[in-house]
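Novice: Sequences listed follow chains V and W, in order. Heads up, the first sequence is in our numbering, so the first residue is 558 and it goes up one at a time. Heads up, the second sequence is in our numbering, so the first residue is 271 and it goes up one at a time.
Think of the hints as simulated: they come from the structure by calculation, not from any bench. All figures in this text were calculated on a predicted structure; none of them were measured in a lab. It cannot be assumed that every hint is accurate.
[Unchecked claim] Listed next, with one range per pair, are the computed distances between beta-carbon atoms:
hint, chain 1, residue 1, chain 2, residue 2, range
1, V, A722, W, Q428, 36 to 46 Å
2, V, K730, W, I670, 41 to 51 Å
3, W, D426, V, A619, 56 to 66 Å
4, V, W564, W, Q904, 52 to 62 Å
5, W, I637, V, E608, 29 to 39 Å
[To be verified] Partial selection, computed: residues in chain V whose CB lies under 7 Å from chain W:
hint, residue
6, L562
7, W564
8, P566
Note that beta-carbon positions come from the ideal geometry of N, C-alpha and C, so glycine has one too.
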Amino acid sequence: MNRWLLWIPLVLFSLFFAIVAGGLMRPKDNIIESKMIGKPIPEFALPAAIEQRPALTTTDLATGKPQLLNIFASWCLPCIAEAPQLLALEQAGVSINGIASRDTPEDIANFLNRWGNPYVRIGTDVRSAVQLELGSSGVPETFVIDGNGVIVHQHIGDIRKEDVAELLDILEKAG
Amino acid sequence: MIAEAGLIALWLAASMAFLQFALCTIGLVKGQDEFFAAIRPVAIAQGVLVALSFLLLVWLFVRSDMSVKLVVANSVAIKPLIYKISGAWGNHEGSMLLWVAIMGLAGACIGIFERNLKTKTLVTTLGAQAFISIGFYAYLLIASNPFERIFPVPADGQGLNPLLQDIGLALHPPTLYIGYVGLSIAFSFAVGAMITRDVGPEFAKAMRPWVLGAWVFLTLGITAGSYWAYYELGWGGWWFWDPVENASLMPWLAATALLHSVTVLATRDGLRAWTLMLAVVAFSMSMIGTFLVRSGVLTSVHAFAVDPERGSFILALLAIYIGGAMALFALRVGTVKEGSQFEPVSREGALVANNLLLSAILGIVFIGTLYPLVVEGFSDEMISVGPPYFNLATGPLALILVAIMAAGPLLRWRRDQAKALLNRISIPVFLTAAALFALVIFTSSMSVLPLLGLALAAGIAVASFAPLWNRNLRRTPMHVYGMVLAHFGVAVALVGMASETSFTEEKLVAATPGDEIMVNNWKIKFQAIEPVAGPNWTALEARVTAQYEDEAIHEIAPQNRMFASAQMQTSEAALLTRWNGQLYVVLGDSDEQGRWQLRIWWKPFVTLIWYGGVLIALGGLLAMVGRLRRAVRQKQQRAYAEAVI
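Taking the hints into account, I'd like the entire structure generated from these sequences.
Specialist: In structure tokens form, the structure reads like this:
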């Protein structure tokens, strides 16, 4: 056997050591940002989540005017917490579209009856397929989309009162 | 005082380890045998002291001594006794103390029982064992002292993670740790043998029972862990390819390869370098696994105590021990004489194939587990590697592996004819083909891997008994029965896995009391929701009755538990086991109209997965006992022969 081959295990271990030591040095960052920021939203066509609102497709999100795309679910508690802020944004004249993640029509209807319905259109994303394509890893999340259908901003987690002004600002700049 | 006594015992044990290492080194360097005589008693003393230290920690938990920081953080006075005890190792410091305790006891066991190794190799082995222990003692004493006091003394503790308050998990870590750390013996044997260049059949025969013992515990530990995850996490799955699970699987794969290659070394004096490497790799994987779990360098659903500084400490230990052993391998193995040769179609050939496939699977799991870390290192991307990769990459290899497993034991050592093998294995091959045919015709849309798995399992189940055909069953050695049982266990587990993957039926419903749900042949009736209370939790319990066809009606009660001390909710699945599978019911949340989410699975033959695991472990146990008995008998015969002459 070639003597040099015997060093392979040590070389492999050194490689492992380097990778892991590098991993230990790096600070942990638990927020996962979407890779889709700055890109047009992916092609999709979601059926209507409830009867009272139309379905949602990609073309609905490129209307020449910036909009919000909010991912929510009736089973999600922070979504209840952010409901007043979404209503406030709607009052301020922002057009908001919704994607209901892993939900049923009855549950969505109940949720909206109770906490308010700020949405122009709501698509139902039963298997979170579109959510994943958007690069979203949880609910609630909100995307700011410009008039050409390009994602300009991603807001992770519920929209707090203090976030509303910032979102309005970004929407204005996108216009 | 108990805490101080525990700490003193730990320091004393550490100094014994140091003495043990010193005796070995001085003895080797000076070549003076009088140093060697003392090493066994020192190893035993070290084992006793570290075990005492661990028992004192358990005692602190039993007494709920809230002046000890670790007890405060991981226990609460109202907890049931068994979970107070298991609380001692349900945390970082305690589990590391358990680790060194087992390591010390393993050394003591070598000191007491090992009589077959040459003195010099034995001494070096014990020296290596002590050298590893020293690092972990340093780690405990410097970076994770379990006996630290807290002042002022709080009124009560913060409780143990509710997920860990379960009988399965109380026993799972000790079992797994005995397996993990038991492999340190193989590691130390290999280091000892590399230093003394004493590698051969005698060495392999001495090492084999230790490897088998550790492997039995590791197998049981993984099996128990899989079952725990299955019923406690309430996700209905039995293997998630989570980094922590992989951390336990990797040493098992290496140890499985090792215990097959060690047989080649013991019987045919082949695969010398390879066996040494595997012995090093197996325990290295244990240490790497511990590091991955404890350092938090990988994100896992098992969010144990995580601390990057401790991670650096363990990583430094890894560099010294694994790096050192591998450097030793590179320097020394070239001077170890090569063993005997063999033809590709032979028992050795099959065992080499087994080893290569196991190593390949190990490599795939290792790369998959570390890949997220590599990607993070070179870009800002965060990824996770999931079951699709692992299943697809390891599945086909695993199936080839089990097919070889069926054929291997039927081959002769050194050289055999492929045609003769086909003759011997014709019935299992026919069975596999028949099963495949039947499955394709009678089931709809099974995916390829489970389909092949199920068909192969039919053949393997029979083939595993083939080594007993045409043999005098009473004169067949016990270790052959062990092998037969373990291989049969693989077939059994394979049926469980394939069946669970292909035939599981799942229903998710929002039900109000009074509703009836049909799943497969089960009639499930949701009767009521009631609050119940346990010693340290309250829960909402669903009263559910389940009836299989026209059989008796069973009551089951899935719960949503709220733990008072941890403010944490767990879901207690309700299981109903029949011979042909398990009904698995989980209670979810309620909605506004008083409907409750019920998730119901019918999993045909799922229990075979764990029965298979237990059979594999039993097979290993039988093989170990058989080997030991045979060694004792041969020694007696030799003694008798000498006496007669």
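Novice: Against each hint, give a clear statement of whether it holds in the structure.
Specialist: Hints, verified against the model:
A722(V) and Q428(W) have their C-beta atoms about 40 Å apart, which keeps the hinted 36 to 46 Å range intact. Our hint of 41 to 51 Å for K730(V) and I670(W) is violated, since their Cβ atoms are close to 59 Å apart. Separated by about 59 Å at the C-beta atoms, D426(W) and A619(V) satisfy the suggested range of 56 to 66 Å. About 39 Å separates the C-beta atoms of W564(V) and Q904(W), a value inconsistent with the hinted range of 52 to 62 Å.
With their beta carbons about 50 Å apart, I637(W) and E608(V) fall outside the hinted range of 29 to 39 Å. Evaluation of the L562(V) hint against chain W yields a violated restraint, the C-beta minimum of about 9 Å exceeding 7 Å. About 5 Å separates the beta-carbon of W564(V) from the nearest beta-carbon of chain W, less than 7 Å, and the hint is met. A cut of 7 Å between beta carbons decides the hint on P566(V): the least distance to chain W is about 5 Å, and the hint holds.
Violation of the numbered hints given earlier is confined to hints 2, 4, 5 and 6; the remaining hints are satisfied by the structure.
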